[in-house]
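Model the placement of chains C, B and P on the given structure of chain A, informed by the hints.
As a plain string of letters, each chain reads:
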Amino acid sequence: MNFKYYIWVILLVSSAVLLCGGQTALAQESAAAAAIVPASGPLEVIFFWVLAIMIIGSALWIALTGSVVRMAVGLFFSFGGVALLFFLLQAYFLGVVQLIVYVGGILVLVVFGIMLTSSSPHVRYQVPRMELATTGLVSLLLFMVLGHVLYHAPWSTTGPQLPVSMNELGRGLLTDYLVPFELAGVVLLVVMVGAAYLARQEKR
Amino acid sequence: MFTAIGLTHYLLLAAMLFCIGLWVMASKRNAIGVLIGVELILNASNINLLAFARYSTGGMNGHLIALFVIVLAAAEAAIAIAIVVNLYKNFMSVDVDKAATMKN
Amino acid sequence: MDAGQQISGLLIIGAVVPLLMFVLLAFLGPRLGKPFASFPAIFGILVSFGCAALALQRWWYVLTDDERVEAAASAYSWPWVVLGDIPIRFGVQLDSLTIAMYFMVTLVSSCIFIFSRGYMSGHSDEVDGVSKYHRFFAYLSLFAFSMLGLVISDSLLFLFIFWELVGLCSYLLIGYYFDRKYASNAAIKAFVVNRVGDFGFIIGLGLVALFLKDLSIGGAIAAFQSQSSGETGLFARDTAINLFGWYVRGDIVATLMGVFLFCGCIGKSAQVPLQVWLPDAMAGPTPVSALIHAATMVAAGVYLVARIFPLLTPGAQAVVAMVGGVTLILAALMAIVQTDIKKALAYSTLSQLGYMVFGMGMGAWVGALFHLITHAFFKAMLFLGSGQVIEGCHHEQDMRKMGGLWRKMPVTAFTFLVGVLAISGVGWPGKNTTPFFGLGGYYSKDEILAVAWFQTYGLSAASDGHHAGNFRERATDPLTNAHGYDSVILAGYSAEEGQHQTAHAGLETASGLKSDASLQPWIPKWLVWLAIITAWITPFYMMRVWWLTFMGKPRDEPVYHHAHESPGMYIPLVILAIGTFAASWFLFRGLIVDAAQHVAHISKLVVPLDGHEHLIHAFSGPALNKLVWPAFIVGFIAAFFIYRRGLKLAERIIDLPVVEQFYWILWQKFYFDEAYNKLVLAGTILFSRICGWFDKWVVDFVLVEGCARVVKGLAFFSGQRLDAGGIDQVAENLGRTAFRIGDLFRAVQTGRIRNYVIYTAATLAVVISVMVWW
Amino acid sequence: MINILGQVAEGQIWQPTLTELSYFAPELVLVATLLLLLIGPLIAGRGSGATLVMVVVGMVAAVVANLLVMNQVVTGPVSGLAPAAGHMLLVDNFSIFFKFFLLLFLLGVTVLWMVGSAATERNAPEFYILLLGSMLGMSLMVSTMNLLLMVMAIELASLPSYALVAFDKRNRPGAEAAIKYVIFGGTCAAIMMYGVSLLFGVFGTLDFTRIAPQLVEIFENLAQVPASKLALLGLALLAMGAGIAFKISAVPFHFWCPDVFQGAKIEVTTWLSVASKAAGLCLLLRLLQVLAGSAHASGHGFSAAFYLQVVTGVVAVVAAVTCLLGNLAAYRQQSVKRLLAYSSIAHAGYMLMLGAIVLTGDVTQLVWQTVVIYLVMYLLMNLGAFGATALVIGQTGSDQLENFTGLGRRAPALAAGLAICLFSLVGIPPLGGFIAKWWLLWALGQAAMQQMHWWLWALLLWASFNTLLSLFYYLRVIRQMYLVNDDRPGLKVPAGGVVLINVCALLLLLSGTLLVNPIRQKVGRYTDHIFGQSPASIVQVNQPQNISGNQLDGRSRERIDTQ
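Top line first, the protein sequences correspond to chains A, C, B and P.
Quick note: the first sequence uses the numbering used here, first residue -13, plus one each step.
Quick note: the second sequence uses the numbering used here, first residue 16, plus one each step.
Quick note: the third sequence uses the numbering used here, first residue 50, plus one each step.
Quick note: the fourth sequence uses the numbering used here, first residue 3, plus one each step.
Next comes chain A alone, as it looks inside the complex (with noise of 0.2 Å):
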């Protein structure tokens, strides 16, 4: 049996379980419900399934494709569900910043690694089918925890935020997160000496 079938499979019923646990979580705080939930438009609804739906579903392919070859253009999918998400958030920059980052940094240098460390990247590895129904139970169970935490979990509605400005983001850098900035600079620094040395030919 493909394993197609099975992530169509999860995908319904994750699927399911975000719809049922979102809509009763508004339900029960309906008198609250007002100050939670922003006024959204049906598209902004459907654009919020649609791209969960699609960074779900690839995250799920990467779990049970073989080929890493997949896996990257799973992620590749799953990267870019996850920066429109961040649009339909407001965090316009962010939402930039992940396609710039992730989609443009991470995942070509992901792809770059797998051109790198594989006479052929549709090589597999198989992992015995018991073991990935094993962790796949385990991850089931964390997730079975973590979601009812989350969806009991009261949380403070101050209210539906006002969309961050570039300009506020770039100040906070400069003023309150000035330590944080300095030091992601030495942190890339520190791991571009790291990583350009391991990935150097050493001169024999």
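Honestly, the hints are just simulated from the structure, not real lab data.
Be aware that one or more of the hints could be misleading.
[Stated by the list, open to error] Here are the simulated DSSO-like pairs of lysine-lysine, each with C-alpha atoms no more than 27 Å apart in a straight line: (1) B:574 - B:675; (2) B:262 - P:524; (3) B:457 - B:675; (4) P:171 - C:104; (5) B:727 - B:602; (6) B:230 - B:457; (7) B:602 - B:392; (8) B:457 - B:697; (9) B:602 - B:450; (10) B:727 - B:230; (11) P:524 - C:118; (12) P:524 - C:113.
Just chains C, B and P now, with coordinates in the frame of chain A:
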């Protein structure tokens, strides 16, 4: 029924991504596949942060933290890929099961 | 520099020199080679002996009583560390007891070191082509250092550290022939059994630190006094102490503290129920048996009890007495049936240690320590004599194959006889209740018995007399322990002189005590009878050993033929024989009595002899003269008649129906080893079953592939277990359990990163689930 | 642009002043050294000598900077830079100590590197850039109260470490170790990040000094708080704890430790075994300390606080299991590096026990003192043990136990130093390790008496029991060195390495004997005014207490607690 999307939707989505990420990590023999799992988990926390920023508390802080998470994810990916390449040079394979000579 | 610093400095130098020699031997030993490696050690111990002699001379013959008190106060003491509010100092406990013990230890050690030089060179001791000769002397030197350190340290903590060090030396020396299975087993057994006792000791130390806030001996005693005096102290009856969450009465906590501290003594002095290691310890070289397992280290337990005596409550003291009483008779019974000469001596050592502990429990502080010293001399001599025999007979230890050896080794036979006489308590009572003539054991052992008799029957006898009211006063208040005990006894004696006249009729009904209650209400009356019965057994089994070995006809021709005596080795024997006489007559008793006066000041449980000994002797003497004194004559004659013609008669006696059963119980050492074996083994197996269960159902639930491995491991384990037998398996089983759990942990470390990730995730999932739904 | 400058000038936009910056001089010096190492080789060449000169210059400068800061921070903790975001960076006596500690350790590792690898290694600048990078991360880990910066510091400490593990590029175990390390570390970091994001959602900030009072309030009014919120908090805190536990290598986040330690180059192993664990532990202690301080400030004090039992219980269980696992799993190891790796897990367990009691307000001072002493002793012991192993590897090519056979004869000085370090790791008196264990047990005992939780007593017994367990596997090494003998030729070990090991051994000996009291007095200097410690909670535990304080009227039969 499809009329509104709330915080819980996003959180559950992120939790799902988190668990799938863990699943990917635990069920891939290809080292790069395992790294992809890490990236999925980090994406999950980003979704969390931005959802909070949008629907709940935090505001701008959430955006900035997410920005730093992305930076860290990039750094981690860079070093991890370099290490995978190094692994490949030594073992002529990226199978993490082969890289299990040290145990017990 | 004042006298205290001088003397304590001498003591420290005397202790440190053997340590230096140990270091020297550890590094240079192999290069020195066989005969020469012993010289540094002998030099070191002779220096120690010199220091001891000088210190003794200064302390005992130069200083006056008052000066001694001053000197003790000015002994060296250095701060080591302050932890919280407990300052830890290393200092010298300078009193007569220290001096006496120090002198005895160095003297006996010197003799044995010299003896070993010759004795050990005759043995083949090569392992991997390298001689172990130097190692033996290195260990001996380390032992001398540790033992001397134990004697002089004034802090319970340092005492414990040295206590462990002597334990380590004992372990190393028992296992000296570690290439032989029985020796290494015996070493492990000794170590493990001692750890059990030490565990209690540690708990006791913890309680001392917890409640007395001072680990120095003097400080702890002072704190104990202030806490247990009056009705409001920490250890008063009405105080409830929060002990690990339970509220416990203060006086019970105090008793517990004493009992836990005493646990150390149970282990080290091999008292019941931890006596099992000492006979096995005879696997070590004979000089080691003489020095460590007869004369010094095993007596350290008694020394400890002497030091902590003022910390004991009447209840704890009764425990001490009972443990000692049970030990002394069980060991004596077991000694009757031994055929191995060293084992027979080992059981006699056990019995004598029992006497000392029993004496401590009975309040015979002086008697017990005096017995410790005299016993050290004659038992060391007996062991060296047995070593001489074993060496002469080419490592034959079975007495059944000896006999008639006195012709071949007269000096050994004679000195051995001196030891036998001494341990049997040969002596002649004088007119005025003081002994007329006697050997070591006569004075010391009978002193213990006299005090015990007084302790037990003094009150009932007194109740007939006119001064009973004073005792009664004491007896009405048994739980508030020691207050006024001393004064009561002293008052009792002064009453003897007719100064006190107190009516007791009303008090008797008020207390509800029967008129035959003993002085110390917690001590049962039958206890003293154990000691008296043992006093009858002792001469018999000692004479049996001597007779079987040296007299009669040779029973094994080759052994007899080879037997010889080397003159270089019996000189220490002669020195110790002279010491046996001397120790009982001069010096030591005076020193101990001097120390006892200080202790009696503090602890009301000491039955003070000095100044009142004639009273106790007046009370106990007549009874003991009837009950104990004839024992050695009867014992010797019995042994003579049974073993006169070899073993035939003895074998016939053994075959008698009831005797046979009894003999088997003795031969199986009262099944102690078996019982431990079963209990510990069963516990271990149960534990491993639980581990296995956990392994099987908890771990493998996640890790499917590990299942097969575990089942295999369990099968292997149970297969091994079925073969297991003998107490030596206990240590092994404990170790194996540890290994087993370790393997369990290691099995999780599969080397596969994917597994690591999922284990972690699973743990998180489980923990969070528990948290959420619980 | 002009607008912003104007805002700065008007004080509307905050900018750090020179004084504020000066508090972080050591970190700045480290970054400068890093840059120097990056640029310097272009001028001075890539040789080991030039690199070492630069590193030493940087280290000296860092020490000087640290001393200067120490003189400034006398009155209490200083937190600065970005006031709005809270305690992004903070300096107090303990963080100063920790920087000294790291510098001292870096010195030791450098000596080790000089002895072992300097001659053959052609990539000295990279090695030191990575090493200094992780060091910067570790020093930031213990000087921040902002969870974002904490995550970043942990990452900065980890990421170069991943590369360092794989530093020997042609070493297969190294490559394997690195991939395991990076994957496991990445997982833990990601889980931690997820937890942090949830915490952000609950509190709206990542400044722990603002989170802690809210946490305390929640826990104090437990009955009013919905269970769902508690579950969420527990989940978030657990996930956050994962990242810290990974650094400490506490069970069940210890898996990386043995494999990585075995595979990595030994200098790196040495570095990770002490520095990374110490940083993780101190970070945890700091967080708990702030929690404790908030509890005290809230007026509820430490008594009867439910969270105290929960947090204490969780940490205690983890510590106990970690301890046992480390000790027992070390039993059958043939690789000495692996054996020492398990031993370091066990020691992490011991140290983690302090985390269980730091919430007991009356002993916080003692806990910090214990941490300082334990870390220093642990540094010396591990430096000595790993250093000796490094020398044996250098001479025989492998770290298998059989290569230690007869070391007592083949390299007496080396073996003696190693034996002392191992004995110290067991905790045998009068070595430094014993003093450290003693402090630990003392602190546990004090806490147990203050709190009367039975598990604290159990923990104390457990620690002692584990010390006994640990004896056996250390003794295996010593036995192999001294008692097993065959005719292997003598070793010519580099003198520098032997000196290093014997200096460690000597210091351990001295610290257990002559220096006990001087150290004890010094310790106070670094443990006064810890950030988050409310002044009222500092109890001078070193003052002798009056026994008579326990005495009550005996007739009243009142129950009294022993102090």
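We went through each hint and held it up to the structure:
no., hint, in the structure
1, B:574 - B:675, "holds (18 Å)"
2, B:262 - P:524, "holds (24 Å)"
3, B:457 - B:675, "violated (39 Å)"
4, P:171 - C:104, "holds (9 Å)"
5, B:727 - B:602, "violated (43 Å)"
6, B:230 - B:457, "violated (33 Å)"
7, B:602 - B:392, "holds (22 Å)"
8, B:457 - B:697, "holds (24 Å)"
9, B:602 - B:450, "holds (10 Å)"
10, B:727 - B:230, "holds (22 Å)"
11, P:524 - C:118, "violated (42 Å)"
12, P:524 - C:113, "violated (51 Å)"
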